[in-house]
Amino acid sequence: MSTAAPNHHHDHNHNHTHDHVCWGGGDAHSHQHRLDVENLSVSYREVLALENVTFHSECGRSIALIGPNGAGKSTLLKALAGLVPIGKGLVRWKGQRMEKSSHEIAYLPQRGDVDWQFPITVRGLVEMGRYPNLGLWKRYSQHDEEIVERALRAMELIDLQKRQISALSGGQQQRTFIARALAQEAHVLLLDEPFTGLDKPSQDTLHRLFRDLTREGRLLIASHHDLQTVPDIFDDVLLLKREQVAFGPVKEVFTPETIARAY
Amino acid sequence: MTTTFYDFLSESIARRALLACALFGFANGFMSAFVVLRKSALKMGTLSHGLLPGIALAVLLLGLSSWSALAGAIFAAMFIGLGSIFMSRTSRLDEDTTLAILYTTAFAGGLILLQHVATRQKLDEWLFGSIAGMSDTDLWIAFGTSVIAVLTLTALQRPLLIYLFEPNVAASLGVPVRLLNYTLFGIMILMLVSSLQAVGCILSVGLMVTPGATVYLWSDNPRMIFLGGGIIGCLGAVSAFFLSYPLGWGIGSTIVLVLGALFLIAYIFSPRYGILAHWNRK
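Keeping their order, the protein sequence lines are chains U and X. Under our numbering, residues 1 to 263 are what the first sequence spells out, in order. Under our numbering, residues 264 to 545 are what the second sequence spells out, in order.
So that you can see chain U by itself, here it is in the shape it has in the complex (with noise of 0.2 Å):
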């Protein structure tokens, strides 16, 4: 079985004829495919559940969501996949204004929040992700199919793809859901507690086709709960106390003091 997706790295003719499909590229295009996030606030129903977030990020970074329960991880999450409405502030991707949800923007729930029994396979799942493509009414075409073949292959799904996803480890699961977002072609993987659950082996593939996504050029966002592994996956670190505590590389804010303003 093939390991990750082709390498694109020497492909310096990257063709942006199908200018959404981020499959490698490198570091080529991420300049313009830039996040920006200014004093960024969200409220459930009066109540203000997040407030001043700002940070700026592209294609090709990794970034730790930190913070206590209830800090806002979810909920900055869901505004940026455009999921919950932005009360003040906003959300630039590409340089252009975020306005409602887009394809290139793929959201990843929490897999406790997803009934597993529902009757589909991972390849069913998967297919999913082509519905921005593919509408109510265009056919599933050849060009889908490979899309999806692609996804499945660099997620390591190959061999499980006709299993339904009820008889998926945590691991699998966590896979599946981000081939259906490269399915989507997204850019941007927004993932709710990606880590949270699986075993160590598990951990250990997530976290390496992590490496692979970014590498390829994508821009990872993910709520994380383990502090002793964010220097090991992620590049860059917000943390997050119902307001912005502190963001930027690991390295430099992921210290003891900034973690004990989060907590």
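Just so you know, the hints here were simulated from the structure itself, not pulled from any lab data. None of the values given here were measured: they were computed from a predicted structure. One or more of the hints may lead you astray.
[Stated by the list, open to error] Lysine to any residue pairs mimicking SDA-like chemistry, simulated, CA-CA at most 25 Å apart: (1) U:100 <-> X:446; (2) X:302 <-> U:121; (3) X:302 <-> U:117; (4) X:302 <-> U:83; (5) U:138 <-> X:415; (6) U:162 <-> X:543; (7) U:100 <-> X:421; (8) U:100 <-> X:545; (9) X:545 <-> U:70; (10) U:162 <-> X:420.
[Stated by the list, open to error] Here chain X is said to cover these stretches of chain U; the calculated rule only asks that three of the stretch's residues, wherever they fall, bring their Cβ under 8 Å from a Cβ of chain X: (11) 76-90; (12) 97-106; (13) 110-123.
Note that the Cβ used here is the ideal one computed from N, Cα and C, for glycine as well.
For this one, chain U is given, so just place chain X on it according to the hints.
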């Protein structure tokens, strides 16, 4: 006995009833898969009861016709559905609680209203259905609503599946979640109202949940579950029609009983999700 049954079948009332059974069975069964996957069976139960006062009120104000019943039922469903949401948002009670209070209160009011406008027999028809009493117009309305429901659900299958799986994922993929939810809700009400006549407001929930649940225990393929729900619903209703005459049972109750029996078979014997298979694996 057989000759009298053939005589009975040659009557237009009987043929209409048979046709209605096939129609309602298929359309409700098809939709039941969505109800089961949406996990909203309980909500359907409360709604079906809540339709009664709307119909009673409409009959009282506008006189008895299929159209007034339909309008009253839609009004009642909206009132109870939206009212429960509003009340839960403006108090500390959750939506299930406000829904339970609203629908039982409305149902009680509807019963009293119907006792005044209708005879005992008429009241039973609303509660338990009267498929034999269907007119040509009723049948056409049933046909229309069934076609609308099945076609809409088929056309929307792709986004609906994503929505049923996980609404947040659906929304992030650009599925118009709110619109889809209202559409699904609207179709459910439409089907409820039209099948009210066949099986009545108490039994209609069975028609709208059981076939889908039965196939859900057999198959893992969503498309199969929708189609299978329709087929089980149709076969169940039609065979119940033929059973009910010689046995002298009410058609509505027989339909729901047959569907329940089919479900029990699946629950016990389904090779993958049946209780026997489950025990064997242990």
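Hints and how they fare:
For the suggested pair residue 100 of chain U and residue 446 of chain X, the alpha carbons sit about 21 Å apart, so the restraint of at most 25 Å is met. A distance of roughly 20 Å separates the Cα atoms of residue 302 of chain X and residue 121 of chain U; the hinted pair therefore holds under the 25 Å criterion. The suggested pairing of residue 302 of chain X with residue 117 of chain U holds, with an alpha-carbon distance near 12 Å, which does not exceed 25 Å. Between residue 302 of chain X and residue 83 of chain U, the direct Cα distance comes to roughly 22 Å. Compliance with the 25 Å bound is thereby established for this hinted pair.
Annotation: proposed proximity of residue 138 of chain U to residue 415 of chain X holds, straight-line Cα distance about 17 Å (limit 25 Å). The hinted pair formed by residue 162 of chain U and residue 543 of chain X meets the criterion: a straight-line CA distance of about 24 Å does not exceed 25 Å. Of the pairs offered as hints, the one joining residue 100 of chain U and residue 421 of chain X holds, with about 20 Å between alpha carbons and a cut-off of 25 Å not exceeded. Simply put, residue 100 of chain U and residue 545 of chain X have alpha-carbon atoms about 49 Å apart, too far for the 25 Å limit, and the pair is violated.
Distance hint between residue 545 of chain X and residue 70 of chain U is unfulfilled; the C-alpha atoms sit about 40 Å from each other, more than 25 Å. Taking the CA atoms of residue 162 of chain U and residue 420 of chain X, the gap is near 21 Å; set against the 25 Å cutoff, the hint holds. For the region 76-90 of chain U, the assignment as covered by chain X holds, since 4 residues bring a beta-carbon within under 8 Å of that chain's beta-carbons and 3 suffice. Under the rule that three or more residues need a Cβ within less than 8 Å of chain X, the assignment of the region 97-106 of chain U holds, with 6 such residues.
Look at the region 110-123 of chain U against chain X: 7 of its residues bring a Cβ nearer than 8 Å to a Cβ of that chain, three or more, so the hint holds.
Hints 8, 9 from the earlier list are contradicted by this structure; the remaining hints agree with it.
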